[in-house]
Amino acid sequence: MTYQQLIFLFVNGLSQGMLLFIIASGLSLVFGVLRVINFAHGSIYMLGAFTAYSVSTLLTTESFFHYLILLLVVPPIIAIVGFFLETLLFRRVYTQEHLIQLLLTYALVLIIDDVVRVIWGGDFRNVARPDLLAGSVDLLGMALPTYNVFILIVGPIIAISLWFLLYRTRVGNIIRAAVTYPDTLGALGVNVSWVMTSTFMLGCWLAGLGGVLMASLANIDLGMGMEKIIESFAVVVIGGLGSIGGALLGSLIIGLGVTFFQLPFGRWALLFPYFIMALVLVVRPWGLFGKPER
Amino acid sequence: MKASVLAKVVVTFLTLLVLTSGITSVNAADTIKIGFVADVGGVAASFYKSQKAALDLYVEEANAKGGILGKKLEVVVRDSQMKPDVGANVARELILSEKCDFLVGPTSSAVALAITKVANEFKKIVYFQTSNSEALTTTDFQPYMFQVVPNTGIEARGSAIFLAEKPYKKYGYIGFDYAYGHSQWDSFKKELLKLKPDVDIVEIVWVKAGENNYSPYIPTLMSKSPEVIFSSLWGGGLSSFIKQAAPYGLFKKSTLTSLYDLDTLRLTGKDMPEGLLGYSRAPFYAIDNPQMKEFTKKYYDKYKEWPADWAIMTWDGMVALNEMIKKTNSIDSEKLVKVIGGLKFPSLRGERYIRAEDHMANVGIYVGTTGKDPNYKEFLILKDVQEVPAEKVWLSVEEVKKLQKK
Amino acid sequence: MSIIAPEPGIDMQNQLENTTAHKTNWVIGGIVLVLLVLLPFILQTQGRTGEFWIWVTTEMLITALFSMSLNLILGYGGMVSFGHAAYFGTGAYTVALLMKKAHWPLFLALPAAPIAAGIMAALIGWFCVRRIGLYFAILTLAFSQLLYMVVLQWYNFTGGDDGIHGIVRPEFLTPINYYLFCLAIFVLCFIFMRMIVNSSFGLTIRTIRENMERATFIGINVRRLQWINFIIAGAFAGIAGGLLAELNRFSQTEYLHWSRSAEPILASLVGGMYSLVGPAIGSAFLIFLKIILQQLHRSLVEVWAIILGCILLIMVLFLPDGLVGLYSRIFKKNVS
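Chains as they are written, first to last, in my numbering: chain Z, 1 to 294; chain E, 1001 to 1406; chain Y, 2001 to 2336.
In isolation and in its complexed conformation, chain Z is listed as follows (with noise of 0.2 Å):
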């Protein structure tokens, strides 16, 4: 293997990580704040991905500002069903035990899941990819999906928009405190039950989006959101809870180990993000980028 096809495979299973990434940022962020591991986050992405497959008939063209539409219609439209999600139920369980908030949002996945089916049926579908994003571009001599690389600036772009509005807005402050400590901040007068809805919505808003930019890049199907909750699971777990950073170096981890691992293992590379994700947990707990219990 030439060192042109290990870097073409580098960039390749990038792509894979930085979708990941997206997802799995929404789940570490609604943990960090609302301290709930939301097993129907996977469900909510397949949502976002059924919606913009709708969408997409709607849309008559494959043209690139027909899928910026997509891109901008899709995330908040799941970011609505989010709202009543996190005001009707998951704002009843904040105080439970975490038994129940898990059955809570296992109750979701059954729910959301078998909805979808009965909507869309069976099939599997896809999001045409659009023109300017259909073809590939040459790296090193070989052809690279022009869409992989779209993922590889969308992935970054989305990366930093969360830091920025984390670390140097008010909204982030804000945020960042009622991870640490909510009863102060609810003292102070900030409305927590508002932060803790935006934020929800704002997971959701990042499942919509993988759900978008996945509709593209493969086949969506009714097994997805099951498959990818577990994956994001890894990488939240890896990364650390609730930590955006750890996030994202958790799916870099995720994605480029699959690729990688798969020259020498074969199948047994998709064993990886579950053995990582054991071992980080057995080794070091709040993960690579997470602080100590709390």
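There are no misleading hints in this set.
Chain Y side only, calculated, beta carbon under 8 Å to chain E, not exhaustive: (1) I2042; (2) E2051; (3) F2052; (4) W2053; (5) W2055; (6) D2161; (7) G2163; (8) H2165; (9) I2292.
Since the hints were derived computationally from the structure, they do not count as laboratory data. Using N, Cα and C, we set each Cβ at its ideal position, and we do this for glycine too.
Since chain Z is already given, all that's left is putting chains E and Y on it; use the hints.
Below, chains E and Y alone, put in the same frame as chain Z:
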């Protein structure tokens, strides 16, 4: 908990249970119930639609003529979700609770392997028209089944003979990691190495059955630049693979040989590259006989689309089943099972018979090259189609018997 | 750290009731047992439908055993395991592999199931009990998914996605006999679990659930006891897995999947977590409900997951003490 409360809960529960089992045991005796264990969703979705369409068409036509043996046909569908355990459970439910007289098999071979055991346990005939692991007729053979689809051995050996004539030396492989993929790859590799011992198999990639995202695998598959890639992906999975592989330039460097049935060709549409060598199980456009013409017309009139391989083979299975019923004048599987071996039936693919030793119909595959055709504007078809007859590539009776003993 | 604890004091009260009402309990238990033994013979009169229901009730017994085994760690231990399917699946694959590949008879292969599952639980549990709360839940999930992936990928040994099919069944094990066989094992396991729960070990486990810190202070080796409890629960899950493999005559990767781990948790929630039989009734009820809906109308089974999800939502939000709790509330009986 107090034991008295527990006792009340349990007793209420048991009473309910006995009552419901009594209520549900009503059955009409003047119908022939056909239980269809189907893989409804995911990569198998388009196959299911074709299978169901043919079954409905057959039932409609038969009932219009007064049914079979004066009994109306009725189809009961259950989704096995491509999961063997679900498949076995619904098959059992179809036989015991729905009281189906016959079963029609699913798309997934793994599910089929589970169902064939259930059919044997309850002595009900099942036929397989899509799922085609060779194991069904060899190591896992049981008499209450017959297969009207070319099995993995026939497909793989037929493809190997076809490809061995071409100048390719470097082979790659990608396939779904389950019964079908493994069974096909084993037969293909064995036959290819026998015909052409100097070929080089450079890369083998297994993906989860039903996988949709191939981007992590395509660069690995291409890294050792195989000249030809043999695949046992199918349906939605294969179509996804082709669409995702194109921007990686895979088709500029290699060619891909796989199952190009009508549904897959339709799904892939204009994204299908021209000039790929492939095979089909029952291409309506390449089979020239009056039954097929009549069937194609009926099918097109009803559904406004062409019948895919799956529709044709599902129909053929019903035709064979009907022959058995006529021959024995009974719908009792115990009687029918005695006439399966050697049964001749007027298949849409021409006159066919079912071999007594393994209940495999002598159905071959159709090899050709993908290309455009003015009659079908939306999708490509296979051109220059040749039939590889089953007799040329199926296992000999001795080999079958040896495997069945295992 | 108290997870999902009932009102304090109830446990002790329960203990007292148990001792005073000991005799009546045995009598009622005996009546229930007689009914359960008679059940298949009544069902048999219904022909093929009856045969179907015998099969369903056998499955109920097996999943009930699985749910009860989880409840040893969930309800009594207060530890939320999201990976209990690992031990269930280990049991199923042990029976399947031993019978299919090594040609062991059922009566040798079945006892091997709890042993293999127990060993698996010992290995995994050793790491898991070092974590508490959410981290414990995620670690059990991670290990069970790891095991699932190993079985899925190891095609030559485990059959991967295909599973292992065609496990033979001894001639005399007709559906009724197999039901009775499962019932016998179920009752034995029940009695054994009851002994464990009421032993000093069981009481200590509950003490740890109520207050881990205090338990540590009074000199209890918390981790060690939780580990032993984890192994016991795993072994019982292994028996259930082995029985299901023989009932279905195959073993399949779905048995190890995380969604299978969720099932006994749902059953425990529906049936109520603070008793031994609650989860058993819960799982039987869920299977029953699913089949009833299917019989009522075919389209109802299409939306089964929605129905199950809604039941779960209602339970979580309004009835965290389960169906048994609901029953007693309706009849204004004071049960714990």
